[in-house]
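Enquirer: Spelled out from the first residue to the last, the chains are:
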Amino acid sequence: MTVMEQRGAYRPTPPPAWQHRTDPAPLLPDPEPYRVLGTEAAAKADPGLLRRLYAELVRGRRYNTQATALTKQGRLAVYPSSTGQEACEVAAALALEERDWLFPSYRDTLAVVARGLDPAHALTLLRGDWHTGYDPREHRIAPLSTPLATQLPHAVGLAHAARLKGDGVVALAMVGDGGTSEGDFHEALNFAAVWQAPVVFLVQNNGFAISVPLAKQTAAPSLAHKAVGYGMPGRLVDGNDAAAMHEVLSEAVSRARRGGGPTLVEAVTYRMEAHTNADDATRYRHDAEVDAWRDHDPILLLEREMAERGLLDDDEKRRVGEDAEAMAADLRTRMNQDPVLDPMDLFSHVYAEQTTQLREQAAQLRAELEAASEEAGEEAR
Amino acid sequence: MTTVAAKPATKPATMAQALGRALRDSMAEDPSVHVLGEDVGALGGVFRVTDGLTAEFGEDRCTDTPLAEAGILGTAVGMAMYGLRPVVEMQFDAFAYPAFEQLLSHVAKMRNRTRGTMPLPITVRVPYGGGIGGVEHHSDSSEAYYMATPGLHVVTPATVADAYGLLRASIASDDPVVFLEPKRLYWSKADWNPEAPSPVEPIGRAVVRRPGRSATLITYGPSVPVCLEAAEAARAEGWDLEVVDLRSLVPFDDETVAASVRRTGRAVVVHESNGFGGPGGEIAARVTERCFHHLEAPVLRVAGFDIPYPPPMLEKHHLPGVDRILDAVARLQWEAES
Chain A
273 MTVMEQRGAY RPTPPPAWQH RTDPAPLLPD PEPYRVLGTE AAAKADPGLL RRLYAELVRG
333 RRYNTQATAL TKQGRLAVYP SSTGQEACEV AAALALEERD WLFPSYRDTL AVVARGLDPA
393 HALTLLRGDW HTGYDPREHR IAPLSTPLAT QLPHAVGLAH AARLKGDGVV ALAMVGDGGT
453 SEGDFHEALN FAAVWQAPVV FLVQNNGFAI SVPLAKQTAA PSLAHKAVGY GMPGRLVDGN
513 DAAAMHEVLS EAVSRARRGG GPTLVEAVTY RMEAHTNADD ATRYRHDAEV DAWRDHDPIL
573 LLEREMAERG LLDDDEKRRV GEDAEAMAAD LRTRMNQDPV LDPMDLFSHV YAEQTTQLRE
633 QAAQLRAELE AASEEAGEEA R
Chain B
14 MTTVAAKPAT KPATMAQALG RALRDSMAED PSVHVLGEDV GALGGVFRVT DGLTAEFGED
74 RCTDTPLAEA GILGTAVGMA MYGLRPVVEM QFDAFAYPAF EQLLSHVAKM RNRTRGTMPL
134 PITVRVPYGG GIGGVEHHSD SSEAYYMATP GLHVVTPATV ADAYGLLRAS IASDDPVVFL
194 EPKRLYWSKA DWNPEAPSPV EPIGRAVVRR PGRSATLITY GPSVPVCLEA AEAARAEGWD
254 LEVVDLRSLV PFDDETVAAS VRRTGRAVVV HESNGFGGPG GEIAARVTER CFHHLEAPVL
314 RVAGFDIPYP PPMLEKHHLP GVDRILDAVA RLQWEAES
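Chains as they are written, first to last, in our numbering: chain A, 273 to 653; chain B, 14 to 351.
Because the hints were derived from the structure by calculation, they are not lab data.
Yeah, the Cβ is synthetic: ideal placement off N, Cα and C, and Gly gets one too.
Please note: incorrect hints may appear among the correct ones.
[Claimed, not checked] Computed footprint of chain A on chain B; a stretch qualifies when at least three of its residues, placed anywhere within it, have a C-beta under 8 Å from a C-beta of chain A:
#, region
1, 59–73
2, 90–96
3, 110–116
4, 120–128
5, 259–268
[Said to hold, decoys possible] From the structure, some residues in chain A lie toward chain B, with a derived Cβ separation under 7 Å:
#, residue
6, G400
7, H411
8, N608
9, V612
10, P615
11, M616
12, L618
13, Q626
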């Protein structure tokens with residue numbers, strides 16, 4: 273039986289015989305965001321995993337501050353910070369196996385780095401020396417997607433193709449709360465459920481789409497509830513609880529790998545910084561609201577738990593901090609070097625073979641460059 | 014003992030059949046070729062182009078998708094990322110518009126965005142153009158939108174043999190191709206031997222369909238037969254018209270077009286698409302840039318009017334026909350010669 277035929281036939285029947293195709297009850301999210309840290313469930317969390325999560329969160333926070341600093345120094349064109357959302361970013365990367373694929377949005381540089389990509393290569397797009405700074409197939413990381421939610425159908429198609437080949441590969445696709453209003457979000461979830469594609473959709477509900485709050489985005493009971501309409505389970509999680517995030521995403525990934533189909537995960541979190549360095553958040557939210565989230569900081573929550581269980585001493589904290597500093601220093605050094613640009617690259621990757629027209633245009637640019645360099649040479653003399 | 018090869022059995026085939034055969038042969042040859050779209054399975058597509066593919070290759074290879082064009086093309090992107098070679102069917106020209114963002118922002122750009130590491134070999138088949146008596150949203154000529162998007166190839170056949178050869182070439186291409194199928198030629202017939210189909214030609218070469226000396230009609234897709242008819246009618250006026258079938262709008266075959274116009278010294282571009290901002294303006298500019306000193310008259314355009322596509326009972330006034338083409342030819346400043 274083929275993958276598509278497994279879905280079975282659904283034929284319309286007149287009302288007396290009509291029934292739900294599936295029971296909606298098990299698809300509904302929990303009434304409260306799922307939490308691990310600070311609850312009894314935390315006792316079961318693997319100490320090794322908590323240490324790994326902690327190191328990645330600290331490193332991630334440092335990465336965000338370093339990248340933001342680089343925008344102020346003119347080394348990055350723009351940086352959408354994920355400060356406050358590190359638990360979502362890190363858990364998404366760690367929930368995946370090497371063979372799996374990650375489909376990030378533009379705010380998910382951190383997930384890309386946590387998955388193992390060179391921190392500098394992850395910033396190519398935001399520095400602006402090219403669009404994507406890595407080979408997606410080599411790392412199984414799709415390009416950071418700027419058009420909202422458009423990467424979600426890609427994740428579905430890739431997961432579907434992998435399933436057709438029997439490869440056991442899962443795709444995890446990331447989107448924000450604003451992105452859930454896009455048509456591609458709807459179409460991707462619908463295709464995924466119909467095809468039972470091995471995909472996990474992670475919505476980071478950070479409260480804002482640039483300036484627009486969630487209340488103006490949707491009237492749904494929660495974003496996780498949207499899953500039910502597509503016939504897939506919705507999970508509501510505390511997005512600042514790294515252990516909960518890791519557990520829920522890992523479960524969803526395993527379920528997808530087993531052939532159980534897609535899951536929609538809503539992570540409730542908060543964007544502590546402005547949309548990007550170019551944004552002014554004071555125009556649309558109060559400091560008091562931001563301050564309320566400081567007590568629910570993802571690093572703080574994990575530190576408290578680990579300290580309580582004796583998993584984090586000062587030495588460990590210092591070592592993790594130093595590692596993060598070393599990463600930041602290396603990133604700073606490398607990003608302070610000017611990238612090597614070749615203007616002729618403009619024509620290199622448009623088609624497999626350059627068209628006659630592009631060859632002509634490339635020749636024009638080459639001539640312009642040569643003339644400019646001769647002129648510069650003469651001036652130098 | 015010598016065997017004499019039997020003469021290939023040619024028989025009348027429609028363009029739709031040739032397109033279906035191209036899909037079938039591509040799928041048989043390459044297991045990574047997958048067809049997906051609306052109604053492409055049991056129904057065989059609303060134009061029956063995919064007839065029999067699901068029966069032969071199964072639902073995993075020829076798949077009825079949910080009714081959502083952005084989703085169809087978006088999932089095709091993901092399939093191509095994983096190494097498949099998807100062929101997407103858009104049901105009608107105007108129904109392809111929801112997929113524009115996927116097409117423009119991802120399909121056309123992915124090779125470029127990833128420095129050539131992740132090209133997307135996707136073929137998007139779009140039935141296009143009018144003349145079939147369709148109600149609104151079923152007759153658009155959408156080629157100008159696609160032509161204006163770097164990274165896409167835009168191909169359109171006008172003959173049964175080209176329908177096969179160009180579709181095979183498009184599917185085999187490592188670049189995305191928007192393959193525009195002239196709806197009103199779906200049922201046009203030609204003698205064709207499906208067992209020895211026409212050779213697969215590289216995309217990007219125009220062809221002279223009818224040699225002539227007086228002027229060149231530059232055209233493509235649904236307007237090719239109209240131009241050939243006009244060329245026959247023009248003989249009565251003493252004009253010997255050459256007809257160039259572009260076959261590919263991107264890449265554009267400047268060489269064949271310019272060579273023809275240099276020979277004839279006059280040119281008319283003919284297409285159904287609106288004139289303003291349509292392909293004809295680009296083509297006329299390219300011809301003028303290359304053939305200025307050979308031209309006896311300005312390059313003229315015969316195009317659809319700059320109106321939303323008309324209702325079916327009025328479409329005959331909109332579509333370029335033989336008379337309108339001959340009128341344009343008559344305006345090519347012949348007085349200077351006498």
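Enquirer: Find the hints from earlier in the document that the structure breaks and name them by number, from lowest to highest.
Expert: Of the numbered hints given earlier, those the structure breaks are 6, 7, 8, 9, 10, 11, 12, 13, listed in rising order.
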